[in-house]
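Engineer: Sequence:
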Amino acid sequence: TITTYCVILILKALASKTQANLRIFFLTVAGLLAGLSVLVHFLAVIFLVALVVYIAISSKKFLPEKNFYFFTFSALIPFIIWGLVILPDLNILKTQLSLFTQERILIVTPNWINLSFTVLPFMHRISFLIYSFITLTFLVISVLNKKNHWLLISLLLGASWIFAYYGKTEWYAVYIISFVYMGLVLLLLYSNNHKKRSLLRDLSFSV
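Residue 1 is where the sequence shown starts when you use the numbering used here, and the numbers rise one by one after that.
The reader is advised that the hints may include incorrect statements.
In silico DMTMM-like cross-links for lysine to aspartate or glutamate, where the CA-CA straight-line distance does not exceed 20 Å [stated by the list, open to error]:
1) Lys168 with Glu103
2) Lys17 with Glu65
3) Lys12 with Glu65
These are calculated hints, taken from the structure and not from any lab test.
Full structure from sequences and hints, please.
Structural biologist: Written out as structure tokens, the structure reads:
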């Protein structure tokens, strides 16, 4: 819910008709929501990374516009407040992180994404091949389409695959699926709106 409101505010902020003062307000509130969402659940890191890159790219300049910095700095505020609150117990946090790091180093965790394409049951491998196909198809069409909301879903898809790969465990791989279905719906709509083109007409069948 928090990330949905965050995305809505960002899309409204970056709309061409939005006034400059409202744009700053929307992005500041969106940044606060994005930072807060990560403290609620780690999954929101995927959204935060994708949104930061999305805002940076949307400026279409070598250096991001000031809108990018308004969002980024406001997203850091919840982390700063959280850090000050847990400051008395900082050693406990450090110990937890140290134990987590040692576990990853000492206990070799097989990469679930790699297993999904190699040794897991046949139907599981087929599922992940389909997820890969949808992802790659969506990324290609997104480049050709050049629409903002497609770019945003592409970034979310890419971030989810990266987090799933480096997260190693099966729980990280679950994050991919919701974004794959978002892409799937957009592909079906896009192919339905371009029936005159044979490739895009056939795209609905392949999807």
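Engineer: Compare the structure with each hint and give your call.
Structural biologist: Now for the hints, and whether the structure bears them out:
Between Lys168 and Glu103 the alpha-carbon distance is near 13 Å, which keeps this suggested pair within the 20 Å criterion. For the hint linking Lys17 to Glu65, the alpha-carbon distance of about 17 Å falls within 20 Å, and the restraint holds. Distance restraint check for Lys12 and Glu65: the Cα-Cα separation of roughly 16 Å lies within the 20 Å cut-off, and the hinted pair is therefore satisfied.
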